[in-house]
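A.B. asks: Residue strings, one per chain:
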Amino acid sequence: MNNWLNHQLQAIKLVLSRMHANSLSSSMISLVIGVAMCLPSLFYIGVDNLSKLTDHMQNETEISLFLKLDVSHDTISEIDALLAKKPEIKQYYLVTKDEAWQQLQAKSKSNPDVNDAVNQLGKNPLPDAFFIQAKSVEPDDLASLKTSLQSIPGVEQALLNTEWAKRLSTMISLSKKLIFFIAALLAIVLLVIIGNTVRMQILTQQDEIEVSYLIGATNSFIRTPFLYAGVFYGLFGGLFAVLMILGITLTFNYAIADLSSLYNSDFSLTIFNGSLFLTVVSTAVLIGWLGSYLAVTRAIASVIQLQKNH
Amino acid sequence: MIKFDQVTKRYPGSDEVLKNVSLHIEAGEFVFVTGNSGAGKSTLLKLIAATERPTSGTVLIANQNVSQLKASAIPFLRRRFGLIFQDHKLLYDRNCFENVILPLRINGVPGNEAAKRVRAALDKVGLLHKEKAMPITLSGGEQQRLAIARAVVSRPSILIADEPTGNLDANYAADIMAIFYAFNQVGVTVIMATHDALGMSATQNRVLHLNQGQLMQSSPSITGINQTASNSDVSTS
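The listed protein sequences correspond, in order, to chains Z and U.
Adding 382 to a residue's 1-based position in the first sequence gives its number in our numbering.
Adding 4 to a residue's 1-based position in the second sequence gives its number in our numbering.
Be careful, since some hints might not be right.
[Stated by the list, open to error] If the Cβ cut is set under 8 Å, some of the chain U residues that face chain Z in the computed set are: (1) LEU108; (2) PRO114; (3) ASN116; (4) ALA118; (5) ARG121.
[Said to hold, decoys possible] Straight-line alpha carbon distances no greater than 35 Å define the calculated DSBU-like cross-link-like pairs of lysine-lysine that follow: (6) Z:LYS395 x U:LYS93; (7) Z:LYS395 x U:LYS23; (8) U:LYS7 x Z:LYS395; (9) Z:LYS395 x Z:LYS479.
[Stated by the list, open to error] Derived list of chain U stretches under chain Z, where covered just means 3 residues or more per stretch with a C-beta under 8 Å from a C-beta of chain Z: (10) 23 to 32; (11) 138 to 149.
Treat the hints as calculated values from the structure; they're not laboratory data.
Using N, Cα and C, we set each Cβ at its ideal position, and we do this for glycine too.
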């Protein structure tokens, strides 16, 4: 155990001193890993924040039923009776055109511009409307309810308020799948890059590997320093990525603060996302380890072959 | 200690490099392996050092059958040997001290103990004052002595040297031979391939002579002393 630990420490020391000696190329490769990790992470942050925004909108299941402007009181009571019988409906209420008109006038008083506009209208342009709360929250149920309401005589338009939110949410879940594929592709690229870097190192260390092998080094002894090299590239690359993500989200939040105040929103990106950072760093470390493992396993086999053919 | 029984070695796409070689080397012996180049000297040494496995026949080293050893056990068998190559196989990217410490790193000898043993090994080959020097600055003879220091630092019981004096002039060669004799004196088994008679003249050591892969004779050198006794160890085919 002590022996094992000693060997690990020696390997780490060796790798760090080698990386220090080639600090330029080591930081370049870490930077490449950082950028590659950064791209899907930023995409993820954007989509994740958007989906939080739309999530609470989706939970509204209200359908607005606007009646034709010329409907009679009888028709309204007929529709009322019809709605009362529908089992899909949890509750509903009627806002008549007069009530709506009063509400609009009352609301507009606080804003002089709107108030002027309302007063200039002269007569009430608003229709009677039912506001309906459905029992189900499933998009399909809501859509079929909407269609059936639309066909009631006297109804001008049935509006499902959450339709655009649904559409957005579908796009977001599509984007999430897209992120997965982009991340997977970048992971393959990183595997190749790291594998290649480690392979180049192995080539420069070929004499040492051959001699070590001849004088009784085990495969794991030869492999260990290169595995640590891959792990350190991944670690430093992951940390680079976290720094870049932090920098970019902070800059973005500054820029968006003005914009979102115009929309009375306090929208901003979550800056510190611990689990994301942990995922980024550990994925980078894992990819580093795997890339160098593949490279070193192949290289050792070829060195042994070479040595045998001598 | 080392026993070959009907050993044949064939590389893919070549003739038999060794044919039906049987031999027995006792602990503490000093054995020369001679023969023209291509006679199979290097292959014989590689089989002894377990860097190659026989095509047929059995190779026993310290009562372990090399052919039946698991690949993962081979490195540990190899650590019993000190290997010295004609081309030294030194690492030119590090100084003498770092070259010699490599086997101890592989063996997991901790730092202070390792440093002591490296200096002792460098002292034995007369290179203690050069521990910080880079190998490329050493003469050919010094490089070979450095290679010997690396081979003996882990205190192996068997030294295997493939033409260690092949590239050296006579003075250096004599130095190197003296070092090998000194190790043999303290009980280390030495197996040395050589094509020049100079290194082994005036010795009464056993000579394994290879000709086109066959073991031709096994004699206690030119002097002829104990010839019959040694021959009984070896069957020639």
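A.B. asks: Does each hint hold? Answer for all of them.
C.D. replies: Against the structure, the hints:
no.: 1; hint: LEU108; in the structure: violated, 10 Å
no.: 2; hint: PRO114; in the structure: holds, 6 Å
no.: 3; hint: ASN116; in the structure: violated, 12 Å
no.: 4; hint: ALA118; in the structure: violated, 10 Å
no.: 5; hint: ARG121; in the structure: violated, 15 Å
no.: 6; hint: Z:LYS395 x U:LYS93; in the structure: holds, 24 Å
no.: 7; hint: Z:LYS395 x U:LYS23; in the structure: violated, 48 Å
no.: 8; hint: U:LYS7 x Z:LYS395; in the structure: violated, 42 Å
no.: 9; hint: Z:LYS395 x Z:LYS479; in the structure: violated, 81 Å
no.: 10; hint: 23 to 32; in the structure: violated (count 0)
no.: 11; hint: 138 to 149; in the structure: violated (count 0)
Of the numbered hints stated above, those contradicted by the structure are hints 1, 3, 4, 5, 7, 8, 9, 10, 11, listed in ascending order.
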